[in-house]
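Protein chains in written order, with the working numbering: chain A, 3 to 471; chain B, 2 to 247.
Read the hints as simulated data drawn from the structure, not as lab findings.
Misleading hints may appear alongside valid ones.
As the list claims (entries may be wrong) - With the C-beta cut set under 10 Å, the calculated list includes, among others, these residues of chain A facing chain B: (1) GLY261; (2) GLN262; (3) SER320; (4) TYR323; (5) TRP376; (6) VAL389; (7) LEU425.
As the list claims (entries may be wrong) - Rough simulated footprint, nothing fancy, chain B against chain A, three-plus residues with beta-carbon under 8 Å: (8) 95-107; (9) 216-222; (10) 404-412; (11) 431-439.
Glycine included, every Cβ here is placed at the ideal spot set by N, Cα and C.
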Amino acid sequence: MSTHSKAAEKFIADKERTAWHNQALWFVREKRDRMARSVPEWEALREAAARTKIHTITHLAHYLEMFERNATANGIHVHWAKDAQEHNEIVYGILKEHGVRHLVKSKSMLAEECGLSPYLEERGIEAVESDLGERIMQLMHRPPSHIVLPAIHVKRQEVGELFEREIGTEHGNSDPTYLTHAAREHLRDKFLHADAAMTGVNFAVASSGAFVVCTNEGNADMGTSFPKLHIAIMGLEKVVPDYDALAIYHRLLARSATGQHSTTYTTHYKRPVEGQEMHIVIVDNGRSRILGNPVHRNMLKCLRCGACMNTCPVYRRSGGYSYSYFIPGPLGINLGMLADPKQYSGNVSACSLCMSCSNVCPAKIDLGEQIYSWRQELDSLGLANPVKKGIVKVLNTALRSPGMFHFCIKAGRLGEKIAPHALLYCGANAWGRDRELPEFTSRTFEQIWKEELSSSAPAGQGKSEESGK
Amino acid sequence: MKIGLFIPCFVNAVYPSVGVASYKLLKALGLDVDYPVGQTCCGQPMANGGFEKDAAPLARRMEELFSGYDYVVGPSGSCVAFVKEHYPDILHKEAHECLGSSIYEICEFIHDVVRPSELPRAYFPHKVSIHNSCHGQRLLGLASPSELNVPHYSKLRDLLSLVRGAEVFEPSRVDECCGFGGMFSIEEPAVSACMGTDKVRDHISTGAEYITGADSSCLMHMEGIIKRQKLPIKTIHIVEILASGL
């Protein structure tokens with residue numbers, strides 16, 4: 003069994019929680035559907051997003067340098083990081099230079115990718131997450147289980163217990179409004195005493211040198227309003243050519259992510275206010291390698307909306323932690339394989355190839371098709387599931403010739419008759435764990451054809467059995 | 002117009018009645034139908050499991066068996082979609098040179114090519130819930146996928162409207178996957194069975210007596226769950242409804 007399959011089995015053992023998790027995310031998918039249907043030109047927008055993204059990533063140097071030029075002219079310090087290590091060193095260097103002890107962060111999957119918070123903590127800098135879901139996960143000492151809804155797997159009673167323990171809320175009170183107010187107060191203190199703010203970047207506009215941060219809680223804005231230092235970090239695929247392109251993605255992002263018309267706060271940072279210093283770190287960390295991979299370069303079109311997770315029937319029923327990569331779902335299966343196939347191939351099984359992810363993706367990334375492609379590569383990487391490999395060997399023998407095919411069906415019929423039920427449904431039969439086996443019939447269609455139907459068919463068309471051997 | 006009937010491996014072995022119904026239905030529509038003997042499998046099980054190269058001999062065999070027909074028609078959306086989507090890659094040929102250019106799922110073929118205005122003998126006095134299988138839906142376009150903002154249509158529903166007595170329903174999550182997924186069903190058995198159970202319950206909640214669809218593989222998976230849990234619904238391939246009375 004794959005790592006995902008094993009972890010998913012544990013998750014599913016709690017049926018009630020699985021059903022709740024599934025429904026919570028399906029609700030988001032339904033909101034997304036209503037939004038998609040309310041925009042008549044929705045499919046044209048997706049097409050435009052896909053095309054402008056491909057244009058951008060195939061002219062990446064041009065747009066990144068344009069962004070750097072314009073941002074620098076605006077007074078923003080631009081840094082380049084080739085990998086996670088360099089990213090962390092640059093961020094730490096800036097913080098150290100300013101004597102920062104307390105950093106307040108808005109949500110960034112890139113910071114997760116680079117392991118920034120633990121890196122800073124080891125060096126004596128507290129990095130507080132200011133997005134409510136991220137803060138819940140930080141207090142739980144667990145990673146996010148979804149890229150947009152980090153604490154979607156946590157029930158409000160659990161948040162109540164956590165807040166009681168960590169920030170002193172009333173015992174037994176899990177009223178969402180009460181808890182939100184408590185979190186607000188707790189975070190307000192962090193905002194007021196932060197020495198520096200960090201944000202991610204949803205879009206970096208090459209034509210103006212500005213960058214855009216989208217949140218629903220205004221936490222990025224609150225965070226960047228007080229301290230004298232703002233560090234923004236971005237993966238290099240976040241650059242967009244201009245405001246026309248931005249308009250396309252902005253119309254798609256929140257609708258796809260959470261079923262909102264727009265994020266509640268969409269902030270354009272163009273230049274530091276007087277007395278403030280603004281830095282942006284542009285990170286590669288394997289992205290240029292993805293660009294060189296024609297089968298998988300589409301992954302760089304991703305807006306990080308999470309719609310592929312919400313629609314994924316496997317993700318909804320197995321939870322974010324069943325995936326070994328820090329990003330779950332169809333997106334994470336693909337990005338994990340691009341990061342390190344040896345380490346993350348255990349997620350490739352987590353797909354029934356239903357292709358719903360490819361249909362919801364606002365940038366029309368062929369997520370399902372790419373998972374199919376990864377499966378084809380596992381064997382040559384020495385990572386194929388040996389059980390599956392064995393089954394394929396049997397299938398190869400059974401299906402390669404009609405003679406063998408019909409012999410195997412006969413053997414199957416006999417096996418069905420003589421094998422005791424306990425053997426047919428032993429632990430080795432993954433199908434039979436929760437399902438009855440289909441039964442062979444006394445005659446195959448081919449036999450029925452030969453014995454009954456072929457005489458009624460027009461003559462002279464049937465081909466001989468030997469011809470295809 | 003010569004039509005070659007494509008009968009997928011598991012239909013041949015486990016659901017031959019679906020093959021018989023397909024043949025009778027096409028014949029009753031006045032078509033010249035033949036079944037080239039010696040068919041085994043299209044190769045999808047290996048390929049979806051990650052062993053596409055093992056599908057190559059089967060793909061070559063399929064191409065050879067069906068070379069002399071104007072149309073190839075089969076009662077399985079998933080297998081037909083596989084032939085259409087992957088044979089050009091597997092065989093290193095242009096799409097128009099492959100079987101994919103002439104192969105149709107049987108409902109798609111009847112709906113789009115034959116276009117009958119009636120099925121005079123079809124009578125099925127039951128409540129049925131349509132199972133919109135993923136590959137039929139999203140790869141072949143048998144109905145408008147729920148994710149897309151496109152005009153709503155359903156070829157299966159159109160055909161069922163020609164059947165006297167049939168009352169047609171659809172589950173609330175109209176095209177969510179049932180969790181079969183070929184090798185997925187045994188590599189991720191817990192998720193697969195959970196998806197299947199949810200799907201069957203969604204069909205049951207419509208009040209239908211039967212789940213019907215264009216893919217025996219999904220129906221086989223759901224049937225396995227129905228039998229194990231003794232759930233109050235049955236499965237039937239849509240051609241068996243369309244061919245009722247023949």
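Contradicted hints - numbers only: 1, 2, 4, 7, 8 and 9
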